[in-house]
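Read off the chains here:
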Amino acid sequence: MTLHDGMRDRAIERRLRSRPALAPSAGHRSRVLAAVRGALDSRPAAEAVGRHRLGGGGVLALAGMAAAIAPLLIGPWWLSLDGVAGGSAWFRSPRPSLVAHARMVGVELPPDALAAVAPEDANGERRHRTHPTAVDRTSTAPGEAAERWLRMRHTLVREL
Amino acid sequence: MPPTLAESLADGDADAFAALYDRLAARLLGAARTMIGSAADAEDVVHDLFVDLARGRDRLAAVADLEAYVFTMLRHAVGRRHRRAVTGRRVLVEVAHDRGRPDHAAAFALPDDELAAAVADLPPEQREVVALKIDGGLTFAEIGRVMGTSLDTAASRYRYALTKLRQTLSRREER
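Going line by line, the protein sequences match chains Y and S. Throughout the first sequence, residue numbering follows the working numbering, covering 1 to 160 in sequence. Throughout the second sequence, residue numbering follows the working numbering, covering 1 to 175 in sequence.
Everything labelled a hint here was simulated from the structure, so no lab data went into it. Just so it is clear, the structure is predicted and the values come from calculations on it, not from any experiment. Where hints are given, some of them may not hold.
[Said to hold, decoys possible] Far from chain S by the CB rule (all over 12 Å, computed), these chain Y residues:
1. Pro20
2. Ala21
3. Val32
4. Gly56
5. Leu62
6. Ala66
7. Ile74
8. Pro76
9. Trp77
10. Trp78
11. Arg103
12. Gly106
13. Arg153
14. Leu156
[Claimed, not checked] Okay, the calculated bits of chain S under chain Y, using three or more residues with CB under 8 Å as the criterion:
15. 32-42
16. 47-54
17. 138-144
18. 160-169
Built from N, CA and C at the ideal position, the CB exists for glycine as well.
Can you build the whole structure from these sequences, using the hints too?
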């Protein structure tokens, strides 16, 4: 922008400011203030009306609703926390890769130990749900599964 | 300590609304005219603005900058009116076109005053800044609050507006 442009901008600004002010037309003020009074009269202020407060029944109803909704809100969290705990146990436990590694170094684990690691389902297929909790869930005798699991670990420790 | 104007307005004091009108009406009307391009429409907008203020007066007690708040409401009211006018104009132009009289559209042309026409040609944001600065008498900081922008953005838009006005008026002078 040149100096000339700046001077022209100032001239335009002066021209804008020198436009005649827009005075309200006759009666505009009274019309506006009459409409304002109408609005003030038609809707009292919030303080005059009084704020809505809950009575004893309302509080009881709200508490009942909260109690009814709570299981729906908390349940999924509870289940997910359980899933997290199970997941962390799975990470801490030996997995089929351990069994495979044992075979690679010539250690044959007892068949029941393998079953504890990857139990068969009803179709005879190995399932890869291998942490103790999973075994316990699929076994008809949770104590046996735990015992097999301990035996497998003992064998691994001895052989490796 | 006497209540502030905003507190009196919030209390529903009709005299406070009269005082606000006396203080701001001319500036509000000027700014609305620049934004809309019509003195009659500007009066309607200011009328509706005061009614809206009276209806929503509960909020006024918490307002720190009353002028900026009122001009913000003015800007929103103009925006609503502009959207309605665009829709109405489109319908009328379509009607005129259907009747084979496209000159009906000329009835909605801008005022023939050179400067007013140039202002009307500005992009809406720049026209609003000019209206708030020249007619509303607001500072760039206040304009920034009204438009929800920074002070620098408001000042830049004003500078761009002056540049565009200069270019538009120069082109018209050359013709």
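Comparing the hints with the structure gives:
1. Some Cβ of chain S comes within 12 Å of the Cβ of Pro20/Y; the nearest lies about 9 Å off, and the non-interface call is violated.
2. With a closest Cβ-Cβ approach of about 6 Å to chain S, Ala21/Y is found to fall inside the 12 Å limit, against its non-interface label.
3. With a minimum CB-CB distance of about 5 Å to chain S, Val32/Y fails to clear the 12 Å threshold, and the non-interface call is violated.
4. Its beta-carbon lying about 28 Å from the closest one in chain S, Gly56/Y satisfies the requirement of being farther than 12 Å from that chain.
5. Distance check for Leu62/Y against chain S: the nearest CB is about 26 Å away, which clears 12 Å, and the non-interface claim stands.
6. The Cβ of Ala66/Y lies farther than 12 Å from every Cβ of chain S, with a closest approach of about 30 Å, so its non-interface assignment holds.
7. Residue-level check passed: Ile74/Y sits 37 Å from the nearest beta carbon of chain S, beyond 12 Å.
8. Against the 12 Å criterion, Pro76/Y stays outside the reach of chain S, whose nearest CB is about 39 Å from its own CB.
9. Non-interface status of Trp77/Y relative to chain S is upheld: no Cβ of that chain comes within 12 Å, the nearest being about 38 Å off.
10. Look at Trp78/Y: its CB is around 42 Å from the nearest CB on chain S, clear of 12 Å, so calling it non-interface holds up.
11. No beta-carbon of chain S comes within 12 Å of the beta-carbon of Arg103/Y; the shortest separation is about 70 Å.
12. Consistency note on Gly106/Y: stated as away from chain S, and its beta-carbon is indeed over 12 Å from all of that chain's, at 75 Å minimum.
13. Every Cβ of chain S is farther than 12 Å from the Cβ of Arg153/Y; the closest lies at roughly 67 Å, confirming the non-interface assignment.
14. Residue-level check passed: Leu156/Y sits 68 Å from the nearest beta carbon of chain S, beyond 12 Å.
15. Remark: the stretch 32-42 of chain S is confirmed as covered by chain Y, as 3 of its residues place a Cβ nearer than 8 Å to a Cβ of that chain, reaching the required three.
16. Given as covered by chain Y, the stretch 47-54 of chain S passes the check, having 5 residues with a CB less than 8 Å from a CB of that chain where 3 are the minimum.
17. Counting residues of the stretch 138-144 of chain S whose CB lies closer than 8 Å to any CB of chain Y gives 0, which falls below the minimum of 3, so the coverage claim is violated.
18. Counting residues of the stretch 160-169 of chain S whose beta carbon lies closer than 8 Å to any beta carbon of chain Y gives 5, which reaches the threshold of three, so the coverage claim holds.
The earlier numbered hints that this structure contradicts are 1, 2, 3, 17.
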